[in-house]
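Protein chains in written order, with the working numbering: chain A, 1 to 327; chain B, 1 to 343; chain C, 1 to 204.
Hints listed in this document are in silico derivations from the structure and should not be mistaken for laboratory results. Please note that the accuracy of each hint is not assured.
Claimed, not checked - What follows is a list of derived Cβ distance ranges for each label pair:
no., chain 1, residue 1, chain 2, residue 2, range
1, B, Gly135, A, Leu308, 24 to 30 Å
2, A, Leu200, B, Tyr137, 53 to 59 Å
3, B, Gly157, A, Arg165, 26 to 32 Å
4, B, Gly240, A, Val142, 41 to 47 Å
To be verified - In silico DSS-like links for lysine-lysine, alpha-carbon gap of 30 Å or less:
no., chain 1, residue 1, chain 2, residue 2
5, C, Lys35, A, Lys2
6, C, Lys140, A, Lys133
7, C, Lys164, C, Lys35
As the list claims (entries may be wrong) - Residues on chain B that point at chain A, a partial pick, calculated with CB under 8 Å:
no., residue
8, Asn208
9, Pro242
10, Pro246
We put the CB at the ideal spot given by N, CA and C, even for glycine.
The primary structure of each chain is shown beneath.
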Amino acid sequence: MKSTRIALFSLIFFFSIFASLIYGEVYIPPSALLHPHGVYSIILERIRIPTVLAAATIGASLGVCGAVMQMLLRNPLMDPYVSGTASGGAFGAVLSYFLLAFNLPFAFLVYVSPLIAFAFALLSTFITIAIGKRTGVYGLVVGGVVVAFIFSSAVTILTTLISNRYPFVPSVTFWLQGQIVVVGWRRDLGLFALTAILVLLGLRHARRIDLVAISDEMSYARGINPNTYRYVWVILVSLVSGYIVSLVGIVGFVGIIVPHIVRRTLGGSTTKLVPYSALLGSPILLLANILSSGILGTVIPVTAITSLAAAPIIVYVMVRGIADKRY
Amino acid sequence: MNKTLLLAIFVVVVVALGVTAAAVYRYKSTGSKPTNSSYYPVTLKDASGRNITLYAQPTRIVSLAPSDTQILVSLGLGKELVGVDYYSYLLLKYLNDTSELPQNVTVFSPSLSPNISGIVALRPNIVIDELGLIGDYSAQLSEAGLTTFYTNDDYAGNYTAIEGSIALLGKLFDRNTQAMELINWMNSRIQTYESRGYTSVAYLLWINPDHTFYTAGSNTFINTILNLSGGVNVFSNSTGYPVLSPESLVLEDPQVIIAQELTNLSYTLYMINTTLGISNVSAYANHRVYVMSENLPTFLLDEPGPLSVYAIQMINLAIKGDAPSYISSAWVESELNVTLPVF
Amino acid sequence: MEDVGLEFTRGLNVILGPNGSGKTTLLRCIIGMLKPQAGNIRIEEGETSYAPAEYFGAEMSVLDVLLSGGSGRDYASYLEPFGLQAFLDRNFSSLSTGEKRMVLIAKALAEGDVVLMDEPTSGLDLKNQVKLRVILAGIKHKVIVASTHDITFAQGADRVTLLKSGRILAHGEAERVLTEELLTQLYEVRVRRVSVDGHTLFLT
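Isolated chain A (complex conformation):
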């Protein structure tokens, strides 16, 4: 029974990769996949394939990040942006635009805006840890919420000022929306590396993460300082999610919903959550991304679609799962 579920997830994974290669803003007929020619080969090679790989990797990453954070912080509603990474990254990116728009010193930073976004994502992480340092589990959560509020407000102020100055220009909400439409090979390398590290470490530490989730005292007894352990993981998760935000903006919901589905269908130990959140996170994001990336006539922020798509799944899983507590 469990193996059929795993087989099902794998099937969905391969199907979604195939579907994403074909369906997108430009429809690429399956024959062109086998024998790429002309304009299709350019689109496939330069844009479509690296973007599909990016979306698959990002989906897997966000799923794993969400799973680990939910375990370590003992909160099933945690997402990878727990340390305020999302709003920190968005702020960094909008700041570089702000400098450009008003011709301020350092306006050249806009050329490296992903780097600035990443830097601020990390900064927000350190502020969160500093705020939450003393008070264990909840300290981190509260710290993250405070940091998120501060940076979100700052983003709102900056985007309003920019919009006032440039009314012809569409609102600078790119990073807040999140869209995985165009990612090139160069950026893919970083994604692959970070995701591989994340998943491998997650698998190796799965049992330890389980223990830290259950009890701080038991962790100390086994020689693990749970607070330090949490901070290290928060930093790693923030590295990965910060990099993702700097590339494609805030992709929400996947980190929360995918671990839930895995928990309900395959069990809630980190040993299951890590590999299967990766396996399930990819197709969910890939399929949502098909709708997001222009097939409906215009690019639509992907988070709007992930939440719509995942909601019925989670409702079904919750309704069925309530009566059945066996794995």
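Given the structure of chain A, go ahead and fit chains B and C onto it with the hints provided.
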């Protein structure tokens, strides 16, 4: 008399005075030109479908849209404009026509939301704006007791609609003759610059950090200009202002790309150069990419007013290959001799 | 806590004290969660394990709970006395409070050579309390340190430490330490020790 009663009488008197003052203020008609003509009152339907009635010739007008300001100045109403938005004023500055406005005209600073108290303080007879620009704030303007009249030329699919707007404003302000002259002026310019052709053009309104871009679809004014300039909008199977990805750009393979400047030229060129797949687009390979600087060139193309006829000429020059790759305000001024006619 | 000088050896060591006397604090110092301001704590040899009074009812199988932390020890011999073999596939969070505690106690006993337990009998029904006492009495090769305020549980210990308001009142064999005077002093209520049918009972 006891204290409570005294207090009550005091409150009633204050409230009564307040209400009376407010009523007097609201119904006071200010600055109306006494006229013997029987032209007014006039009732017209504006672009939002409301019937607006003017009882006398307005002498205090506020315009919040550069396209409307162009029309009003051209109809000879420049001196009646007591307040304009920042971009209207900027445009007139470029044309060296600020003298058409009164010396002490109020220029509102750029903002997405209108400065309602500032407008009310000018005691205008009427406020003109574009529907697309005022959006939900129209309710607030009405609440503040202002008479408003809206145009909707941003979504004018052709010049007929714009000329209809001009005629309407001419009727509103008893400037019918001038409106006809303006329309004739525009038509003759259109005929002069108009050319039909099949050059495929991609118009990039704004490029996002991930190289997706905003463009103009078939029902936009920009699309009309492209068609009149001898081009074909490659994205005319979309409507409105969609966001598209480089995939579409590669697929459509336009012969000419026209991009609006992203606040500064080197950043714009950088974004275009690093777009994935761009080297395979004909326009890029053949060096047919034109960047329009913000300010005058962008105004001409983006504002659906009388001056947009110059945009036809400007785009036509780009399509023919007779424009520099950076279309600057200076070039436009000297090459096209942009002048706003005043009747 | 003040001037705590103790040695725990193999067998069952019970720390007996009223609420708030510092029992949990002492245990937490031993595992390194709290740092003593002066002095040191030494564990001679072996692994430490802990069965907590409060924990997060995680949504994973009982087997995964046992395997968490990756100690690699064999749990089988500790599952049987507790009757937990049938529970392995069940969702930990769906167990009753008593069942969850027994899982964590079994885990601690399997994993540690020095086993710390915080109020192990709380939440257990009478049958399981008896079961636990029997099991603990049979384990002589581990150092078990259990905190409790349950005098009956303390009776089965090899050594008892009386802890009151952070100070040690007495320390030694159960027989010598569990006296009427000391217990009355400890709990600040009159405690009487009676013999019934050869069994010692404590009454208030």
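So, going through the hints one by one against the coordinates:
| no. | hint | in the structure |
| --- | --- | --- |
| 1 | B:Gly135 with A:Leu308: 24 to 30 Å | 26 Å, holds |
| 2 | A:Leu200 with B:Tyr137: 53 to 59 Å | 54 Å, holds |
| 3 | B:Gly157 with A:Arg165: 26 to 32 Å | 30 Å, holds |
| 4 | B:Gly240 with A:Val142: 41 to 47 Å | 43 Å, holds |
| 5 | C:Lys35 with A:Lys2 | 45 Å, violated |
| 6 | C:Lys140 with A:Lys133 | 41 Å, violated |
| 7 | C:Lys164 with C:Lys35 | 20 Å, holds |
| 8 | Asn208 | 5 Å, holds |
| 9 | Pro242 | 4 Å, holds |
| 10 | Pro246 | 6 Å, holds |
Against the hints set out earlier in the document, violations occur for numbers 5, 6.
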